[in-house]
Amino acid sequence: MNIAIPAFNWLLVEPLGLLAMASVLVLLASLFMRREEEGDLAGVALVGIVASGYALYRLWGHTASGAFAGMITIDHFALAIGFVILLAAAAAVVLAWSDRHLGAEYLVQILLATLGMLLFAQASNLVTLFLGIEILSLPLYVLAGLHPERAGSREAAVKYVLMGAFSSGILLYGMALTYGATGALALSDVGQRLAAGAGSLAYLGVALIVVGLGFKLALVPFHSWAPDVYQGAPTAVTAFMSVATKAAAFAALARTLLVGFPYLFHRWLPLLWGIAALTMLAGNLMALRQTSLKRLLAYSGIAHAGYLVVALAAVTGLGLFASVYYLVAYAFMNLGAFAVVAGLSREGEEGDALETYRGLFFRHPLAAGAMVVFLLSLASIPATAGFMAKLTILLAAVQAGDWPLAAVLVVATMIGLYVYLKVVYTMFDRSGDTAPQAAAGEGEGQAQVVPPAPARLTPGAWVVVAVSVWGTFQFGLVPGPLLHALSSTILLP
Amino acid sequence: MSGFPLLTALVVWPAVAALLVLALGLARSGAGAAVRAAAVAAALVELALAAAAIGPVVAAGGAYALGERVVWLPYLGIDYRLGVDGISLVLVLLTALVGVVLLFTFDPARTPRPAQFVALLLLAEGAAMGIFLALDLVLFYLFWEAVLVPVYLLIAGWGGEGRRAAAMRFLIMSLVGSLFMLVGIVGLGTSTAPVLGAFTFDLPDLLAAHAVIPGAAGYLAFFAFALAFAIKGPLFPFHAWQPDAYAEAPTPATILLASVLSKAGVYGFLRFLIPLFPALSHRFADLFILLGVAGVLYGAFIALVERDMKRLMAYASLSHMGLMVAGAFAMNAVATEGTVLQMVSHGVVIAAVFAFIAMLEARVGSRDIGAFGGLMTRAPILAGFGMLVALAALGLPGLSSFAGEFLLLLGLFQRSAWMAVVATAGVVLAAAYVLRLYQASMHGPLSGRAEGDGVADGGRVDLRARDYAVLVPLMAVAVYLGVLPRVVPDRVAPSLAHVSAAAPAAAPQAVGAGTRRLNGEGRA
Chain A
2 MNIAIPAFNW
12 LLVEPLGLLA
22 MASVLVLLAS
32 LFMRREEEGD
42 LAGVALVGIV
52 ASGYALYRLW
62 GHTASGAFAG
72 MITIDHFALA
82 IGFVILLAAA
92 AAVVLAWSDR
102 HLGAEYLVQI
112 LLATLGMLLF
122 AQASNLVTLF
132 LGIEILSLPL
142 YVLAGLHPER
152 AGSREAAVKY
162 VLMGAFSSGI
172 LLYGMALTYG
182 ATGALALSDV
192 GQRLAAGAGS
202 LAYLGVALIV
212 VGLGFKLALV
222 PFHSWAPDVY
232 QGAPTAVTAF
242 MSVATKAAAF
252 AALARTLLVG
262 FPYLFHRWLP
272 LLWGIAALTM
282 LAGNLMALRQ
292 TSLKRLLAYS
302 GIAHAGYLVV
312 ALAAVTGLGL
322 FASVYYLVAY
332 AFMNLGAFAV
342 VAGLSREGEE
352 GDALETYRGL
362 FFRHPLAAGA
372 MVVFLLSLAS
382 IPATAGFMAK
392 LTILLAAVQA
402 GDWPLAAVLV
412 VATMIGLYVY
422 LKVVYTMFDR
432 SGDTAPQAAA
442 GEGEGQAQVV
452 PPAPARLTPG
462 AWVVVAVSVW
472 GTFQFGLVPG
482 PLLHALSSTI
492 LLP
Chain B
121 MSGFPLLTAL
131 VVWPAVAALL
141 VLALGLARSG
151 AGAAVRAAAV
161 AAALVELALA
171 AAAIGPVVAA
181 GGAYALGERV
191 VWLPYLGIDY
201 RLGVDGISLV
211 LVLLTALVGV
221 VLLFTFDPAR
231 TPRPAQFVAL
241 LLLAEGAAMG
251 IFLALDLVLF
261 YLFWEAVLVP
271 VYLLIAGWGG
281 EGRRAAAMRF
291 LIMSLVGSLF
301 MLVGIVGLGT
311 STAPVLGAFT
321 FDLPDLLAAH
331 AVIPGAAGYL
341 AFFAFALAFA
351 IKGPLFPFHA
361 WQPDAYAEAP
371 TPATILLASV
381 LSKAGVYGFL
391 RFLIPLFPAL
401 SHRFADLFIL
411 LGVAGVLYGA
421 FIALVERDMK
431 RLMAYASLSH
441 MGLMVAGAFA
451 MNAVATEGTV
461 LQMVSHGVVI
471 AAVFAFIAML
481 EARVGSRDIG
491 AFGGLMTRAP
501 ILAGFGMLVA
511 LAALGLPGLS
521 SFAGEFLLLL
531 GLFQRSAWMA
541 VVATAGVVLA
551 AAYVLRLYQA
561 SMHGPLSGRA
571 EGDGVADGGR
581 VDLRARDYAV
591 LVPLMAVAVY
601 LGVLPRVVPD
611 RVAPSLAHVS
621 AAAPAAAPQA
631 VGAGTRRLNG
641 EGRA
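Chains as they are written, first to last, in this note's numbering: chain A, 2 to 494; chain B, 121 to 644.
Calculated from the structure, these hints are not laboratory results. All C-beta atoms, glycine included, are put in the ideal place defined by N, C-alpha and C. There may be inaccurate statements among the hints.
For the chain B half of the interface with chain A, some residues (derived, Cβ under 10 Å), not all of them [claimed, not checked]: (1) E188; (2) P194; (3) Y272; (4) F300; (5) L516; (6) P517; (7) L604.
Some chain A residues flagged as far from chain B (calculated, every beta-carbon gap over 10 Å) [to be verified]: (8) V14; (9) D41; (10) G153; (11) G181; (12) S189; (13) S201; (14) R296; (15) R364; (16) V399; (17) F474.
Construct all of the structure, not just a fragment, from the sequences and the given hints.
Spelled out as structure tokens, the structure:
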């Protein structure tokens, strides 16, 4: 028996290894520290994330497909997604820096989830794909329930675990069917075997894989967990999940479909069209009626996943280019928005009720001003990154001839405008603070006393907000350098 | 001037000035007068910059002058490209002039947060400049949207009773229109890929490449553009936002909307829709003329019965904008030159009208047409200027509106005699509603609230220095353009010829015909 030992280039997994080392370091160090001091370990975690980012940066230009016997693929697409994931992870660490409730266990889970996400985005084999989704999911289940004293947190965690297990099962079943149809696990082998022809087994396999990944991406109709989990989880975790999980799951979906099932595109493309249209419309429509800002942002996140699928459904280089651009823009504007929400949360109480934001501009002009920038960017108003990225997606869709999908995207954007402008309007509305007693006296069921927001954002929140404002304008006004770098982000077919 | 980015300066300077004014306001709270003085200085600099563009445009003879081009989004064919020709020049000058005078139409001592107020006005002015100067469709879209934010904040923050709803409706309707336009822009930009080998959003390149979107998508793109411009104008029946927004907005913002931003809609038709979609524009020209003329009558009839003076003039403005759209789609040089002349003229006159209404409201505390009368006895100079403004608004020969409307209707007559006749009826109605407004406020016995409020308490009710600063320049331009209207067609005609040469399918007619007629060379 002759076993071929493949040559391993360990540098390719350096980003993953650094994250693993940092998480172990944090875990061990926390054993020797008092509970109150554990927050300082955020520095260690941050160093790990930055080092991992540097390792990713060094891989730029040294891409390798099918490294580790075809288990992972390092290409510019994966690297760019990796940067987005690390950006979100860094934001999650910085946001929690001064939160006494989030100790070492938080940092460890964030680091491990980040590791899983990087792997997920690079996976080019069904086995690594599943490994990635499990490594990223398990820490997220814990993170979602990290505020056990709050009722919503526990509920969020349980819901997330159940839905996560369910979706993993579906994904695994889809993989099994695919293996049954092709006898291959590496995505490129799957693609080649299917070139010769495919049966219903493969069709069902790809459909189940799309559904399984659709759960992680929170695409409609697989989205029902997202609002509850986003609302119940600590805001720093929500910020992380909403950006990093989305980026990783999108990368996995794109790579699986484009590398594993390119010859079945006539089967999965209509599926994507339907899901994209449904997700964009339903996400924005459901966001309309939310009274909790975190839920509103959850539904907005669902809608934005729909825009990403539109880019993917173009099935062109420009489409992938657009999706990466969109993820970068989305990372900045969404992290910034959640940073404001996190910063305005008080001890153990999340500042997510929309009413808390009434007249915010007159109490916190800077925080409200930054929030306006993020919301306008989410609404894709020009001069922001959100606009430029959506324009690129629109270009990709129209170029591919997807006029109907482009039209749905525009209609969904219009509904979204109303969603985001409503929040902006609330922040500039002064009626709340001029006559609170009068409102209470009228007794219109407005009995709940609106708590004034705390005096200041935490320093960590300010850092994230400042970086996000910079990113939102940088990639909205002067996107040249980014586009230059991304122009090579075309997935290997 | 070589090397100095004059057009960028035109766009950026108001924004810089806005920041300076804000800083001044923060440094010295309660310094309303100082803030206004600084803003006026900045607006005068802007006017000088705009005037500096006249020479190069004349020298360029119809082509784009002072062009600036920088790659903005590589790989996507999106450039930062500005340029100015005869058509945009007259609108830039109008914007700069109105940008100065509107600063005199409010009382900084009685305006809350004057620094923010003035800063937003300056920001809107800069964005409006961008609309008229952008030659890249995406850049144009950026300015098109950018102007909404300051105007929204001006209405929502400093408007009248119903300001929130009015501001929201203005914003939502404008955004819906412009988002459709974005799809059209994307469709046009991508349609050139087979011809040029890449995307381009550059207007001259698109015209040169005869970019055409095939099939149903072409119709979609055409109407997407048209909807955005129709809402901005507004063109009947897309005017639902307009009366409330004009009435609720603070006077300077009303002037900005009615005088400058409404022209952006017609400008969009002239500069983008008709040249970019020549075939479809010809096919649907009658539809737009019909809507325009319907708006002429609809606006005029409502203006006949409206009691709120600002709403009255909002409907009158709707009527005039309808006429301009009809003129733009008459598709001949005479009508187009008349349309541009009328755009400038209306911009000047409507600014004076709304300023005049604000002066009345400041003196008697009401805009209701029946609330007061006989003001002439107490404020003769105000009444005299008011008469001049009213005559300009109703199109008396010798004043600017007459020349513009005459040329426009002449051109429209060539296209469709019936439509021209009906539109003329609307113009005649203008005399009725304008004189109704004037007589109700000025003539008759001193009555109503005019006796009770500021008028009767012996205070000064006639024109003050800042009122002169508004009315004198505007009326000077109205008289100048009435006596020497050819200065506008002289600038517009070569540029029209240039556009027609770039898009031969647009069926150019005798270019400069209007100029010759005005000069009495009709038989030549």
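Which numbered hints fail: 1, 5, 6, 7, 16
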